[in-house]
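Protein chains in written order, with this note's numbering: chain A, 22 to 240; chain B, 264 to 793; chain C, 134 to 452.
In short, the hints are calculated from the structure, not lab data.
For glycine and all other residues, C-beta sits at the position ideal for the given N, C-alpha and C.
Worth double-checking, as some hints may not be accurate.
[To be verified] Cross-link-like lysine-lysine pairs, in silico, PhoX-like; alpha carbons within 20 Å at most: (1) C:Lys190 x B:Lys603; (2) A:Lys147 x A:Lys162; (3) C:Lys359 x C:Lys449; (4) B:Lys793 x C:Lys190; (5) B:Lys793 x C:Lys236; (6) B:Lys793 x B:Lys603; (7) A:Lys49 x B:Lys793; (8) C:Lys350 x C:Lys389; (9) B:Lys793 x C:Lys255; (10) B:Lys603 x C:Lys367; (11) C:Lys236 x C:Lys273; (12) C:Lys236 x C:Lys255; (13) C:Lys389 x C:Lys376; (14) C:Lys452 x C:Lys359; (15) C:Lys259 x C:Lys190; (16) C:Lys186 x B:Lys603; (17) B:Lys764 x C:Lys195; (18) B:Lys603 x C:Lys188.
[What the hints assert, rightly or not] Facing chain A, according to a computed beta carbon distance under 10 Å, are these residues of chain B, among others: (19) Met299; (20) Val300; (21) Asp331; (22) Ile440; (23) Ala489; (24) Val492; (25) Leu505; (26) Asp716; (27) Ala758.
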Amino acid sequence: MSTNSHSHGGGHVAHHFRDAEHQFDSGKQGIWLFMVTEILMFGGLFVGYAIFHSLYPKMFAEGASHLDWRMGSLNTLVLIVSSYTMAMSIHHLQKGESNKAFTKLWITVVCGAIFMVIKAFEYSSKFQHGLLPGHLLDVAKTHAEHANLGMYYGFYFCMTGLHGLHVLIGMGLIIWLAIRTKRGEFGPDYFLPVEGVGIFWHIVDLIWIFLFPLLYLVG
Amino acid sequence: MASTTHNPDVNYLNEFKGIGSWFTSLDHKRIGLLYMVSIFFFFLLGGIFALLIRLELFSPGAQFLTPDQYNQVMTYHGAIMVFMVIVPGIPAILGNFFLPLQIGAKDVAFPRLNLASWYVFMTGALIAMSTLFLGKVDTGWTFYTPYSIKTGTAATIMVLAAFVMGMSSILTGLNFIVTTHKLRAPGMTMHRIPLFCWALYSTAILQVLATPVLAITLLLIAVERATGVGIFDPALGGDPVLFQHFFWFYSHPAVYIMILPAMGVVSEVIAAFSRKTIFGYTAIAYSSLGIAAVSFFVWGHHMFVSGQSEIAGVVFSFLTMLVGVPTAIKMFNWLATLYKGNISFESPMLFALGFLFLFAIGGVTGIMLAVLATDVHFHDTYFVVAHFHYVMVGGTLMAVMGGIYYWIPKMFGRMYNESLARLTFIFIFIGFNVTFFPQFVLGAMGMPRRYFDYIPAYESLNKISTMGSWLIGIGFFLSLYVIISAIRSGAKASANPWGAKTLEWQTSSPPPHFNFETEPVVTAGPYEYK
Amino acid sequence: MFWISSTAHAKKLMPTAATDIAYQVDNLYSFLLISSFIACAILIGGMIFFAHKYKRKSVHAKSAYITHNVFLEFLWSFIPLVIFLAVFAWGWLIFHDMRSMPKDALEIHVRGKQWAWEAEYKSGVKAANLIKVPINKDVKLILTSTDVLHSFYVPSFRIKQDAVPGRYTALWFNANKFGEFHIFCTEYCGTQHSGMIGKLHVVTQQEYDQWLEEESKFNTLPLAQKGEKLFQLKACSGCHSVKNSAVLAGPSLYKKFGTEEELKDGMKIAVDESYIRESILTPNAKIVKGFNAGVMPTFQGQLSEDELAALIEYLKTTK
Chain A
22 MSTNSHSHGG
32 GHVAHHFRDA
42 EHQFDSGKQG
52 IWLFMVTEIL
62 MFGGLFVGYA
72 IFHSLYPKMF
82 AEGASHLDWR
92 MGSLNTLVLI
102 VSSYTMAMSI
112 HHLQKGESNK
122 AFTKLWITVV
132 CGAIFMVIKA
142 FEYSSKFQHG
152 LLPGHLLDVA
162 KTHAEHANLG
172 MYYGFYFCMT
182 GLHGLHVLIG
192 MGLIIWLAIR
202 TKRGEFGPDY
212 FLPVEGVGIF
222 WHIVDLIWIF
232 LFPLLYLVG
Chain B
264 MASTTHNPDV
274 NYLNEFKGIG
284 SWFTSLDHKR
294 IGLLYMVSIF
304 FFFLLGGIFA
314 LLIRLELFSP
324 GAQFLTPDQY
334 NQVMTYHGAI
344 MVFMVIVPGI
354 PAILGNFFLP
364 LQIGAKDVAF
374 PRLNLASWYV
384 FMTGALIAMS
394 TLFLGKVDTG
404 WTFYTPYSIK
414 TGTAATIMVL
424 AAFVMGMSSI
434 LTGLNFIVTT
444 HKLRAPGMTM
454 HRIPLFCWAL
464 YSTAILQVLA
474 TPVLAITLLL
484 IAVERATGVG
494 IFDPALGGDP
504 VLFQHFFWFY
514 SHPAVYIMIL
524 PAMGVVSEVI
534 AAFSRKTIFG
544 YTAIAYSSLG
554 IAAVSFFVWG
564 HHMFVSGQSE
574 IAGVVFSFLT
584 MLVGVPTAIK
594 MFNWLATLYK
604 GNISFESPML
614 FALGFLFLFA
624 IGGVTGIMLA
634 VLATDVHFHD
644 TYFVVAHFHY
654 VMVGGTLMAV
664 MGGIYYWIPK
674 MFGRMYNESL
684 ARLTFIFIFI
694 GFNVTFFPQF
704 VLGAMGMPRR
714 YFDYIPAYES
724 LNKISTMGSW
734 LIGIGFFLSL
744 YVIISAIRSG
754 AKASANPWGA
764 KTLEWQTSSP
774 PPHFNFETEP
784 VVTAGPYEYK
Chain C
134 MFWISSTAHA
144 KKLMPTAATD
154 IAYQVDNLYS
164 FLLISSFIAC
174 AILIGGMIFF
184 AHKYKRKSVH
194 AKSAYITHNV
204 FLEFLWSFIP
214 LVIFLAVFAW
224 GWLIFHDMRS
234 MPKDALEIHV
244 RGKQWAWEAE
254 YKSGVKAANL
264 IKVPINKDVK
274 LILTSTDVLH
284 SFYVPSFRIK
294 QDAVPGRYTA
304 LWFNANKFGE
314 FHIFCTEYCG
324 TQHSGMIGKL
334 HVVTQQEYDQ
344 WLEEESKFNT
354 LPLAQKGEKL
364 FQLKACSGCH
374 SVKNSAVLAG
384 PSLYKKFGTE
394 EELKDGMKIA
404 VDESYIRESI
414 LTPNAKIVKG
424 FNAGVMPTFQ
434 GQLSEDELAA
444 LIEYLKTTK
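In isolation and in its complexed conformation, chain A is listed as follows (with noise of 0.2 Å):
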């Protein structure tokens, strides 16, 4: 995945690989493997959420309606801008412009702080009006037509709130990404944890660009 201390020759070689593309096709491909546990876990989430919705159509659209969709179709737009410029960087890199890439990284974790600046908005906003998972829900603050009103949001912060813990690990890593570009760590043949990174990061935007409609807009 990087570099070891054993490491025979070129650069960035680890001692069990052949050579640089043995060692990207590799750590690629688990990189799509984690990818896929990661898909499979918020899967289950999904699995729930259709499971109930069909079942409490009327209290997930209650639950819903609290929501401002203005604020998640910006974070949405914020997040698709940073995969661009996650998808950007790569591309810099390739052809060798790090002073690029540096910079279309540090746009990117920009990007995730502005998405989750929103998010600690619509959080806090959600707080002070009661709109909590489970038995915390304040019912007489919310007025709450269904009872159980507290799924929704149970949901909701579930979903969100690890999402949210994904983008902010993903920001970790590209600025550790873009500490070791500025040192020149990375060029066109060697870019593996970018690429790696990169992925994650699109992941990461793919599932909120299925959890903004079914939370926001299905309702």
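Given chain A, put chains B and C in place with the hints provided.
Below, chains B and C alone, put in the same frame as chain A:
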């Protein structure tokens, strides 16, 4: 395929020195040994809980535990044995050590991830152990809702521990898949890899595809306990049976995560000790994949009486029958491998033959449980307990023991004491049958599982069962002694004491740090005993 | 393995079969046992035979080089498949009968709770851990649970069904033998899971009618006797012994009334009417030394004033 090294005294065990070199080692062989020590420890712990269960059940009524203590002991026995011993067992110990050696690689694809997965595993295991001091868990290892939501004990910590250990399992699986795909030596085609590798490969696919679903399910239980979201709680409009669907969607494939590697070990040992090429290599290899594939669609056979519809029960029963076929194929192929072989009976072979014996019984009773009408009677009785112990202990643990004796010469460069090792087999094999065969009868008589107390009609068989557990206990303690004394003071082993053909025997014992002095080039299949 | 060989013998190891369906299940089970025995005889017998015959005599002896045999491999995939499908179909047929509820059956509501089975007849008669049914009559049990999962199991009838909180499940039987049969709970449900044992009593129609008649006089019983029934019905007896001072999940109530109880915080309190009332309605208010809070559920709203009085009067008599 050189079997000599430049300096035969330098190997992976002594090239780096000091405790620190073990805890930071990226060498798959050393990581395998780290797992071995930790899993042996947890096995000892889980075994002590098992002996406590049997002691309590020696007679009806309370013996020395209260009902609550018994339920905790039963939970810890199950959770430790499943999550910390049998699921990681063969892949993490023997798989880590021998997958790269058998395919002619210098290491697994991601050595750092491999070490990380051990740390993740230990973190999860320690969190799980912490519940012993933080209120204890009494949910059973299955965490069925709504009991697991209502119980006042430390269930939240336990599900989070299982979540963390699941991550470790995913990382190991991912590593093995890429290793098998990408790191095979020149000439080592997929149809030339040993059957143990095929088994690990199929297992790894299951680990990667099934574990995430368990992870999210366990997380939901934690959320449910913390905030009462109500997804699994009928009082809040939730569905407790949904949990069972989610849980068994992982845990049924997990059953094959536990048994497939054992089948791989048995294939290796039987071929080596019969000095004969394995019968039906392709069939055994693909039946592993077949079992893995079908295992995702049979989870509902745990739920015939849960309230799922009749038609669901029928479909799941039918699909379960289909899993029986590849299993039968393997059994007959191993039998055919013995035919016209040149068989010797060192301990690894005894354990492999013991596996065939016990797994045959575990298999046919599995069919009885897959048949709808009989399952209604046997479900959640001691019949089920006996069945899965025949498969998990009679199958997997016999294979673990056989595999460890088989590979001790390679792992440590030393031989174990053969007559003592045979004695451990006799104790474990007889003790096992004395313990668990009466449980089939108890189940048929109607004794439910997870019972702290039972009606007097069940007493004599329970007594026999408890006495059998002492024999197993002696057998495993003796094994521990045999293994430790082999490592400390066994006679020096040659590179290939069994005359086996697979690649790991073609390097020195113990192997050098990078496994092979020169990269092996493979020109034939793994079992060419001509 | 020897016992498998004889069907008649195998059946002895099953509890008395007291319904038609139980007979059918036993027949299928006997078939499975015999075919399993044959399968094991082939596999294990073959293994022992080969192990003996091809025992290594010299390290250098050559073994045969046989890689595969398509015909044989086809046979041992196909024959098991046929057998598996046959027993699958057979099992389905019986299962279908188990799941097809008869019309005009005697319906009884059965509720699982920690840790007792409560049966309620249409006439309003309630019984705890006891279901009385007439012989040769279709009986349908409508199951649910008031707390966690339970599973209703009568070994002699070979029937089992989970009781799930928040929904109804059902099973049916038609008993053809008189007698008392065990009801077990087979889904783990906590502390007294193994103590959740009931009796299914098969009697003549006449005895059944008589029993129902007597039980419906419940409300005219003297208070203490009514309390005794309630003590069973509300599953108090699952956790509190009244015949001796044995400790179950909760403190024994044998000869308790009128004595002093030591609490967890060391305080002593007189066991009188008010203390018992409080312990039933708000069980966590005062915890007896050696026990934990949160084990006993509250009965607030589940007992009327006269039922509380009946229970208190009953406890005065446990001497």
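Going through the hints against the structure:
1. C:Lys190 x B:Lys603: holds (12 Å)
2. A:Lys147 x A:Lys162: holds (11 Å)
3. C:Lys359 x C:Lys449: Since the Cα atoms of C:Lys359 and C:Lys449 sit roughly 13 Å apart, the hinted pair holds (cutoff 20 Å).
4. B:Lys793 x C:Lys190: holds (17 Å)
5. B:Lys793 x C:Lys236: Violated: B:Lys793 and C:Lys236 sit about 70 Å apart, past 20 Å.
6. B:Lys793 x B:Lys603: Measuring from Cα to Cα gives roughly 13 Å; hence the hint holds.
7. A:Lys49 x B:Lys793: violated (41 Å)
8. C:Lys350 x C:Lys389: violated (29 Å)
9. B:Lys793 x C:Lys255: Given that 20 Å is the threshold and the Cα spacing comes to 78 Å, the pair is violated.
10. B:Lys603 x C:Lys367: Violated, because 69 Å separates the two Cα atoms, which is more than 20 Å.
11. C:Lys236 x C:Lys273: It holds: about 9 Å lies between the C-alpha atoms, which stays within 20 Å.
12. C:Lys236 x C:Lys255: holds (16 Å)
13. C:Lys389 x C:Lys376: holds (11 Å)
14. C:Lys452 x C:Lys359: holds (17 Å)
15. C:Lys259 x C:Lys190: With a Cα-Cα distance of about 75 Å, the restraint between C:Lys259 and C:Lys190 is violated, given a limit of 20 Å.
16. C:Lys186 x B:Lys603: Holds, at roughly 8 Å.
17. B:Lys764 x C:Lys195: The hint holds at about 14 Å.
18. B:Lys603 x C:Lys188: The hint holds at about 9 Å.
19. Met299: Hint violated; B:Met299 Cβ to chain A Cβ min 22 Å, cut 10 Å.
20. Val300: violated (24 Å)
21. Asp331: Where the cut-off is 10 Å and the nearest Cβ of chain A is about 26 Å from B:Asp331, the hint is violated.
22. Ile440: holds (6 Å)
23. Ala489: With Cβ-Cβ at 8 Å, under 10 Å, it holds.
24. Val492: Interface hint status for B:Val492: holds (3 Å vs cutoff 10 Å).
25. Leu505: holds (7 Å)
26. Asp716: B:Asp716 check fails; min Cβ-Cβ to chain A is 36 Å, beyond 10 Å.
27. Ala758: violated (22 Å)
When each numbered hint is compared with the structure, violations occur for hints 5, 7, 8, 9, 10, 15, 19, 20, 21, 26, 27.
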